[in-house]
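S.K.: Heads up: the sequence lines are chains A and B, in that order.
Read in order, the letters of the first sequence correspond to residues 40 to 368 in our numbering.
Read in order, the letters of the second sequence correspond to residues 40 to 368 in our numbering.
Hint data in this document are derived by calculation from the structure and do not stem from the laboratory.
Don't take each hint at face value.
[As the list claims (entries may be wrong)] With a straight-line Cα cutoff of 30 Å, these simulated DSS-like cross-link-like pairs (lysine-lysine) come out:
#1 A:280 / A:211
#2 B:83 / A:228
#3 A:83 / A:211
#4 A:60 / A:83
#5 A:83 / B:83
#6 A:289 / A:333
[Stated by the list, open to error] Distance windows between CB atoms, simulated:
#7 A:186 / B:79: 43 to 49 Å
#8 B:283 / A:188: 56 to 62 Å
#9 B:209 / A:366: 35 to 41 Å
#10 A:107 / B:332: 44 to 50 Å
#11 A:209 / B:68: 43 to 49 Å
Backbone N, C-alpha and C fix where the C-beta goes; we use that ideal spot for every residue, glycine too.
Protein chains: 2
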Amino acid sequence: MSTIIFNHQPRIVGWYSVAGKKESQGPLGETFSRIVEDEYFGGKTHEVAERRLFVTAIQGAIQVAGIQPDLVFAGDLLNQIVSSSFAMRDIGLPYVGIYGACSTMALSLINAAAYVDAGLVQSAVAAAGSHFATAERQYRTPLEFGNQRPPSSQWTVTGAGATVLSASKESKIAVTCATIGRVVDFGIKDVNNMGACMAPAAADTLERHFANTHTQPADYDAIFSGDLGQIGEEALRDLLKERGYDLGQKYYDCGKLIYAEEQKVDMGGSGCGCSAVTLNGFILDKFKRGDYHKVLFMATGALLSPTTCFQGESIPGVANAVVIEEVTE
Amino acid sequence: MSTIIFNHQPRIVGWYSVAGKKESQGPLGETFSRIVEDEYFGGKTHEVAERRLFVTAIQGAIQVAGIQPDLVFAGDLLNQIVSSSFAMRDIGLPYVGIYGACSTMALSLINAAAYVDAGLVQSAVAAAGSHFATAERQYRTPLEFGNQRPPSSQWTVTGAGATVLSASKESKIAVTCATIGRVVDFGIKDVNNMGACMAPAAADTLERHFANTHTQPADYDAIFSGDLGQIGEEALRDLLKERGYDLGQKYYDCGKLIYAEEQKVDMGGSGCGCSAVTLNGFILDKFKRGDYHKVLFMATGALLSPTTCFQGESIPGVANAVVIEEVTE
Chain A
40 MSTIIFNHQP RIVGWYSVAG KKESQGPLGE TFSRIVEDEY FGGKTHEVAE
90 RRLFVTAIQG AIQVAGIQPD LVFAGDLLNQ IVSSSFAMRD IGLPYVGIYG
140 ACSTMALSLI NAAAYVDAGL VQSAVAAAGS HFATAERQYR TPLEFGNQRP
190 PSSQWTVTGA GATVLSASKE SKIAVTCATI GRVVDFGIKD VNNMGACMAP
240 AAADTLERHF ANTHTQPADY DAIFSGDLGQ IGEEALRDLL KERGYDLGQK
290 YYDCGKLIYA EEQKVDMGGS GCGCSAVTLN GFILDKFKRG DYHKVLFMAT
340 GALLSPTTCF QGESIPGVAN AVVIEEVTE
Chain B
40 MSTIIFNHQP RIVGWYSVAG KKESQGPLGE TFSRIVEDEY FGGKTHEVAE
90 RRLFVTAIQG AIQVAGIQPD LVFAGDLLNQ IVSSSFAMRD IGLPYVGIYG
140 ACSTMALSLI NAAAYVDAGL VQSAVAAAGS HFATAERQYR TPLEFGNQRP
190 PSSQWTVTGA GATVLSASKE SKIAVTCATI GRVVDFGIKD VNNMGACMAP
240 AAADTLERHF ANTHTQPADY DAIFSGDLGQ IGEEALRDLL KERGYDLGQK
290 YYDCGKLIYA EEQKVDMGGS GCGCSAVTLN GFILDKFKRG DYHKVLFMAT
340 GALLSPTTCF QGESIPGVAN AVVIEEVTE
């Protein structure tokens, strides 16, 4: 069984997104709960800023939900997921560190849903985030280096998002099922083309999801991928067409939604924060307003480290999909 | 509720450990399923070797269990947990990446138990591992540098372990409850004294565990910590004594068990692999032989990255505890 059914339909009772200045200037700017214009968020380093984004998102979501959760699932892109771990010093709740690269928002949401669905906890938080400057420093070169960006590159989103799930039935927005990703490697080695690395994994997850749930793309009000960007989105459409699924007009990539073309982000946004702030802003707000009733949210991750790239390894991808829908009871 | 009860008592139906040459020469040498004397495991780099340890442990445990699991939970110490992720290319199963530093074996076991307990999957694998040379390269200096080790340091275990959990009742060894750790920071900044960084978190988790489950140390046949080492073990005993719990003679640290004193490992073993190979060898074998009926297995992690240390941050710790016991039905 590669698609998991949450029979008790854990409810989404709160969400919060915090994003940076560049993100606030994009098409989704109005949908974020909070904007932090200072890229240091009042701290000494960009790493401290990233950590503060996590604390802000998690505390914000908890406040919106108005309940005290039992457990937090969180992850980020930094080595040893230190943004999540260090943020948890301030949160003080039991914590499970999750790593799914840029698929982390979906993966943490699935895990939080699993624990709530099982009745192991009453309530849990799922969170993910990223920061442009910390990702550049770690994966590529520090900003001071003034590196040139090839046109296939993507722009790491500065932002974090958090979702609170609860066993209580006070909300109609539920997490109903999920398809956890397999690691898929098509042998691509271009670190500046993440979309191409992740698209095969996205196709694998979506194909399994549609087959297991006996659904078609048309059964969803919208399908979101996390941060495939322009190249990855096109590759995913092609790969799925070969397998008999037409993603059609209701498929969107968060990485393409989040910035405007004139913002010079090449193929679009990326990073854990990309899908995290889009989910915990634009997408869940649409549920609240009644525009969406059933959405397939799939975040994608490229499973590389600078060491694996230096050692000549290819870049495998993973994609985790979760269904969010309005339920009646 | 900070201790989770697994009412359906997921069963441990298979386990496997693979360890390196140095580990094979220690007191637990006979308990490992397989020894790999070549530190490169036939690969070009130590990183490839670490990945192969994961594949070996996971495939080994699956073979012992004789069932095809639905899902794998795994994590390691390398940046972006690439050992787990890359190993999953060969395993081909859906995969949740877990990061709990050296507490990962307990954390992956808890998550696998949660999914099986919930009926979300029929069977799941939990895995963790580490390699001395990859950890030295990443956290300290490459071996070629010939760095001197301060006496408070610990020796990263080369090895990986995997456990298969199942909803079927064919085994009497079950995972019955777990206490997930909070991030605890006592402000220690010495990267060569991991035991001191982790002991406060271990004390926090054990105290909560004993209180929530209304148990005492004497209620367990044995209590294991993951890799506190000599300093951490003493600190944990002291911290718990202050809180009214005497760990007594049945408390052991995997980091102290795994090497003999003449092996020159300073304060003892460490790394994800330390508790992983001890659990999936020595500890579970004792259950099989009927020597153990109820064990508290707590793995501890230090949540640092070289970047956080360079930036002057302290080193928070986390500890995850899980109860393994023989059940009657």
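S.K.: All hints, please: hold or fail.
M.R.: Hint check:
For the hint linking residue 280 of chain A to residue 211 of chain A, the alpha-carbon distance of about 33 Å lies beyond 30 Å, and the restraint is violated. Simply put, residue 83 of chain B and residue 228 of chain A have alpha-carbon atoms about 18 Å apart, close enough for the 30 Å limit, and the pair holds. At most 30 Å may separate the alpha-carbon atoms for a hinted pair to count; residue 83 of chain A and residue 211 of chain A exceed this at roughly 42 Å. For a cut-off of 30 Å, the pair hint linking residue 60 of chain A to residue 83 of chain A stands: about 18 Å separates their Cα positions.
Between the alpha carbons of residue 83 of chain A and residue 83 of chain B the distance comes to roughly 40 Å, so the proposed pair goes past 30 Å and is violated. The straight-line distance between the Cα atoms of residue 289 of chain A and residue 333 of chain A is roughly 12 Å, inside the 30 Å bound, and the hint therefore holds. Roughly 33 Å separates the CB atoms of residue 186 of chain A and residue 79 of chain B, a value that falls outside the hinted 43 to 49 Å. Taking the beta carbon of each, residue 283 of chain B and residue 188 of chain A are about 58 Å apart, inside 56 to 62 Å as hinted.
Under the hint 35 to 41 Å, the C-beta atoms of residue 209 of chain B and residue 366 of chain A, about 36 Å apart, fit the expected range. Checked against the hint of 44 to 50 Å, the C-beta distance between residue 107 of chain A and residue 332 of chain B comes to roughly 36 Å, which is inconsistent with it. Look at residue 209 of chain A against residue 68 of chain B: about 56 Å separates their beta carbons, and that is not inside 43 to 49 Å.
In this structure, the hints that do not hold are numbers 1, 3, 5, 7, 10, 11, in rising order.
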